[in-house]
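Listed in order, the protein sequences are those of chains A and B.
Numbered according to this note's numbering, the first sequence spans residues 1 to 159.
Numbered according to this note's numbering, the second sequence spans residues 1 to 118.
Rather than coming from a laboratory, the hints here were simulated on the basis of the structure.
No residue lacks a Cβ here, since even glycine has one placed at the ideal position from N, Cα and C.
It cannot be assumed that every hint is accurate.
Using C-beta positions, here's what the derived DEER-type ranges look like [unchecked claim]:
#1 A/T18 with B/D81: 35 to 43 Å
#2 A/R113 with B/A28: 45 to 53 Å
#3 B/K50 with A/V77: 32 to 40 Å
#4 A/R113 with B/G27: 29 to 37 Å
#5 A/L118 with B/S84: 43 to 51 Å
#6 A/G58 with B/S59: 23 to 31 Å
#7 A/T46 with B/A44: 49 to 57 Å
#8 B/R87 with A/N20: 29 to 37 Å
#9 A/P83 with B/G27: 34 to 42 Å
#10 A/L118 with B/E63: 34 to 42 Å
#11 B/S46 with A/S32: 48 to 56 Å
#12 B/A99 with A/T120: 14 to 22 Å
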Amino acid sequence: MSARRKSVADNELLIVRTFNAPPSVVFALWSSAEHMKRWMGPKDFTCPEATIDFRVGGRYRAMIRSAQHGDNWFSGVYREIVPDKRLVFTYTWENEGPSAGLEMLVTITFEARDGRTLQTFRQAPFSNAERRDSHVGGWMQAFDKQAAYAESIAKEQAA
Amino acid sequence: MPDLLSATFSALADPTRRAILARLAHGAATVNELAEPFEISLPAVSRHLKVLEGAGLISRGREAQWRPCKLEPERLKAVDDWLSVYRRFWEQSFDKMAAYLEELSEGEANERPKKKRR
Numbered sequence: 001m002s003a004r005r006k007s008v009a010d011n012e013l014l015i016v017r018t019f020n021a022p023p024s025v026v027f028a029l030w031s032s033a034e035h036m037k038r039w040m041g042p043k044d045f046t047c048p049e050a051t052i053d054f055r056v057g058g059r060y061r062a063m064i065r066s067a068q069h070g071d072n073w074f075s076g077v078y079r080e081i082v083p084d085k086r087l088v089f090t091y092t093w094e095n096e097g098p099s100a101g102l103e104m105l106v107t108i109t110f111e112a113r114d115g116r117t118l119q120t121f122r123q124a125p126f127s128n129a130e131r132r133d134s135h136v137g138g139w140m141q142a143f144d145k146q147a148a149y150a151e152s153i154a155k156e157q158a159a
Numbered sequence: 001m002p003d004l005l006s007a008t009f010s011a012l013a014d015p016t017r018r019a020i021l022a023r024l025a026h027g028a029a030t031v032n033e034l035a036e037p038f039e040i041s042l043p044a045v046s047r048h049l050k051v052l053e054g055a056g057l058i059s060r061g062r063e064a065q066w067r068p069c070k071l072e073p074e075r076l077k078a079v080d081d082w083l084s085v086y087r088r089f090w091e092q093s094f095d096k097m098a099a100y101l102e103e104l105s106e107g108e109a110n111e112r113p114k115k116k117r118r
């Protein structure tokens, strides 16, 4: 048996969430533009535009909108599609901003749990999957610690 | 030239460089001091420092001989801010996803589902 430890989880942004629906439905929320428009984007954002060419190598492009932040386009390419189980795609913001043009990789797995779905979402700021897979070590842990250090130092310097 | 955020992530994606940053969080240090805990050559440490400096994560003093290295916390803060923005982005999206799923299942209970998978 393989260990339950998520080996790359600490390299990345990791969000685990259980949804009250079977994996086929949760998966469809990612694979269909009509579904995606209904939920994509943070609170106070709508997603008025989404096009999806759902096949490996196919592109998607979508826009989220808010009164405060305007229209924000993002797009990417599907790298892996295992229906109802696993989805991997690239993700790039097209607008100006700190993340503009930085290609990220999103990996999502879906697991059935008593009629519900455990969705494991990962996002890594790597330029490609090969680079991501070659990396070891814990970014998130490093960030947590270093951000704390950084803040205490910034405070010291300000004092 | 790649953008600064990419350079920062790239610089952080190495355990030796993160260890160097952790050491510098306790105060400025020379290349020799930084090299001590590692089983790598001074030139190798210098290369790591160059990457960290290029990413804005450290700065180095002007004194030609010892050029002490110093952590630049602003850059790490930027990385942390960047990640927390994404965490919020997705967590709020998933809240909406859960609400939408609820809507869908209510719809399904009331009317026949339009698309059945099998």
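(request) Provide an ascending list of the numbers of those earlier hints which the structure does not satisfy. (result) The structure breaks hints 1, 4, 5, 6, 8, 9, 10; every other hint is satisfied.
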